[in-house]
Structure formats: C-alpha cells, structure tokens
Amino acid sequence: DGGITQSPKYLFRKEGQNVTLSCEQNLNHDAMYWYRQDPGQGLRLIYYSQIVNDFQKGDIAEGYSVSREKKESFPLTVTSAQKNPTAFYLCASSISRGRASYNEQFFGPGTRLTVL
Amino acid sequence: EDQVTQSPEALRLQEGESSSLNCSYTVSGLRGLFWYRQDPGKGPEFLFTLYSAGEEKEKERLKATLTKKESFLHITAPKPEDSATYLCAVLTSGTYKYIFGTGTRLKVLA
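These protein sequence lines map, in sequence, to chains A and B.
In terms of this note's numbering, the first sequence opens at residue 1 and continues consecutively.
In terms of this note's numbering, the second sequence opens at residue 1 and continues consecutively.
Don't read these hints as lab results, they were simulated from the structure.
Every clue listed holds true.
Straight-line Cα separation of at most 27 Å, DSS-like style, residue types lysine-lysine; simulated pairs: (1) B/Lys97 to A/Lys83; (2) B/Lys97 to A/Lys9; (3) A/Lys83 to B/Lys42; (4) B/Lys42 to B/Lys107; (5) A/Lys70 to B/Lys97; (6) A/Lys70 to B/Lys42; (7) B/Lys42 to A/Lys57; (8) B/Lys107 to A/Lys9; (9) A/Lys57 to B/Lys97; (10) A/Lys9 to A/Lys83; (11) A/Lys14 to B/Lys42; (12) B/Lys42 to A/Lys71; (13) A/Lys9 to B/Lys42; (14) B/Lys57 to B/Lys42.
Among the chain A residues that face chain B by a calculated CB cut under 8 Å, a handful are: (15) Ala31; (16) Gln50; (17) Gly110.
Even glycine gets a Cβ: it sits at the ideal position worked out from N, Cα and C.
Use the sequences and the hints to build the structure in full.
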C-alpha cells in the first residue's frame, strides 16, 4: 500500500538535545512538507521541498533543519535552538506539477514530541 | 495577507441533525481549496478538493461547496462516527504553500 510513514510515534527530548523525526513516502510524490500543530492553532509550515536536494523555509523554520537527499525521505531535526518544541509534528506530500502544486496533500500519522 | 477562517470553532449535533461548517478565505488568487478530517492524535485525512466557484463534491454524508469567498462542508444526517475536527486549507496562485484554518471540532451525539 502506498502512503506516508512517520517515526517514532512518540518522542521525548531532554533540554539541549537535538532530535530527528523521520518521514518516508512511497507515493512517488515530488513535494514534501513539515507542519507543526499546537492545540487551538492551525497547521503551521516549518519547511517544504519541491524537489530532491532543494528545500525552503516555511513560516516557523527557526530552530529546525531538514534535508532532502532522496525523493522518498524528508527528515526533520528539532535542534536545541527551538525553545518550545513540544507539539504534534505532521509530514505531508503532494504531487508537484510545474511551477506550483495544486493537488491535495497526504499526511502521515504524526509524531508527538515532548520536552522533558 | 492570505487568510483562512473556519467557523464555528466547535459544534455539537444530535445524530441526524444536519448542519454546515464554514471556511472563509481571503487570498490573492485561489488555486485550490481542500477539506480534511482529523481524528484525535492522527494525521489529517483528505476529503475534497474544490477548484472554482460553483463546484460541488459529495462523499457519503458530506458535501462541499465553493463560492468566491467561502466554502461550506454540509453534513447530512450525521452519525457519531462523523465526530472529528474538520480542517480547511487553500493553495494560492504561484505558491507551494498551503494555508490552513484552525478547524471546526464536530461532536455528534447518539
């Protein structure tokens, strides 16, 4: 079955630690996205990538980093510079056609990150 | 500034009591409007895409409509299993960024 997987489902981080969240898709989608979801707020875009080896900052990129070395994978690192990282993190992908994608996004199951 | 607003924030319905959720948007140019369902602790599940004013899509008890300023998600004779948060998102012309509303939390009581 095609889809998006995220791991781990739950992640605990100590102060000062960097942690990496995994996102893999087998939908053959070009575009991948990372969002953060906090209670009472909409999904906020952290980073997105339209093609391998290229990515752009979203609205709240500070304290996060990404890489896109393979089409199927888009890992997110939450660095110690992110002061309030406790949140639900969602990865998504979509078909990207030409200069702008106008297709729906498909989401993974999410990773809940908690800072201890 | 591009913006998406959903209302109401929360809605409680009795089983069988039809209603509508609203998604209003102000964008420079609409490329697509998307509806998702999200269950607690899970990723959003895609429901519908609407591209132009006047377009309608249906799936079981759900029907999505689109005007130049807003979209409605109509729920006909809802069941308890329709309880979830419903998210609306727009994609504006010339961008790769989807803008999400804060969602409507729907609770259907048996």
